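Residue numbers (the working numbering), protein chains in the order written: chain A, 1 to 133; chain B, 1 to 133.
What the hints contain is simulated information worked out from the structure, not anything from laboratory work. Heads up, some of the hints might be wrong.
Copies of the same chain are indistinguishable here, so a pair counts whether it falls within one copy or spans any two.
Claimed, not checked - Simulated crosslink set (DSS-like; lysine-lysine; CA at most 30 Å straight-line): (1) Lys5 - Lys95; (2) Lys113 - Lys4; (3) Lys25 - Lys120; (4) Lys43 - Lys97; (5) Lys97 - Lys25; (6) Lys113 - Lys43; (7) Lys25 - Lys95; (8) Lys43 - Lys5; (9) Lys120 - Lys43; (10) Lys120 - Lys5.
The model shown is predicted, which means the values in this text are computed figures rather than measured ones.
Protein chains: 2
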Amino acid sequence: MEIKKINHIAVAVEDIEQATDFWEKTLGLSLDHVEEVQSQHAKVAFFPCGDSEIELVQPTDPESSTARFLQTRGPGIHHLCLEVEDIEAALAELKAKGVRLINEVPITEPGRKMAFIHPKSSGGVLLELYQLL
Amino acid sequence: MEIKKINHIAVAVEDIEQATDFWEKTLGLSLDHVEEVQSQHAKVAFFPCGDSEIELVQPTDPESSTARFLQTRGPGIHHLCLEVEDIEAALAELKAKGVRLINEVPITEPGRKMAFIHPKSSGGVLLELYQLL
C-alpha cells in the first residue's frame, strides 16, 4: 500500500461560520468552498493548505459520530485523512493484516472514495483513507 | 501571515516502538528518524508523508503536557503544526489579533523555531507554528 500524502486534517466544530473566522481572518487561510457531505451528516468547509487541506466539520445530525465527538470531547482535531492510489486494494491489505475497518466498502462522494479505519487499530487516531476519482 | 503548508501532525503515543509498527509495517510509511526533543520532554519518530510528516510523540517526563494528554485522553492526534516563513512576525500578528499564545517567544530546536498557540484561541485545536531554519 502506498500512502501518497496527507489529504486533510478534519476539525470538529460547533459552528462552521464562527470557526471559519479563526482559520480565515486570524490565520489567513483561504476558504475554498463549503459542502454538505451527506454520508457523514455534516457540513464541511475546505481550506487548502500547501498540498493538503484543513477541513472544518459541523455535524448536521445530532446522532452522527462527529456530533457525539463534540458532545464528549468538545471541538478539536477529529481525524487524519491519508490519500492512497487504490482504496479497495488498501482496505483489502489492511483487513488481511487484521486492522479493524469502520467501512469495509468505500463510500463514494463527488470526486472521491473514502473509508474510515477504527481508532482501536490505529493507536487512538481516527484515520480516513481517500482515493481521488 | 502566510501559512505555507502543514508541516506535521503529531500523534501522542505511550510506546514509540509499538506505535511505529502500525505506521511502518501496517501502513507502509518510512521512518525517517527518532529524535529526543528536549524542550518538549519527548522522544519523536518522524514519518515523511507527501509534503508533510506524521510524528509520533512519546513523553519522557510524566509532568509534560503530552504525558498529561495521554493520561486524560489516551493516545491519539495531539496537535497540528503549520509552517510559516517568519515565526516572530506571525506571533506578533496573532498577539495583536488577541490570540492567546503558549509560547510568546519561539523555542529553537535543531533546524527549526517553534511555538504553540493555546487551544482556547483556536477552537480546541492545539496548533503549533514552525519556521524552518
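Against the structure, the hints come out as follows:
1. Lys5 - Lys95: Classified as within; 21 Å inside a copy, 32 Å across copies.
2. Lys113 - Lys4: both (15 Å within a copy, 27 Å between copies)
3. Lys25 - Lys120: The answer is between: 16 Å across copies meets 30 Å, while 36 Å in one copy does not.
4. Lys43 - Lys97: between (33 Å within a copy, 27 Å between copies)
5. Lys97 - Lys25: between (44 Å within a copy, 10 Å between copies)
6. Lys113 - Lys43: Classified as within; 18 Å inside a copy, 35 Å across copies.
7. Lys25 - Lys95: between (42 Å within a copy, 14 Å between copies)
8. Lys43 - Lys5: Both: 24 Å inside a chain and 23 Å across chains, each within 30 Å.
9. Lys120 - Lys43: Both. Shortest intra-copy (26 Å) and inter-copy (23 Å) distances satisfy the 30 Å Cα cut-off.
10. Lys120 - Lys5: Both: 22 Å inside a copy, 29 Å across copies.
Comparing the model with each earlier hint shows no violations; every hint is respected.
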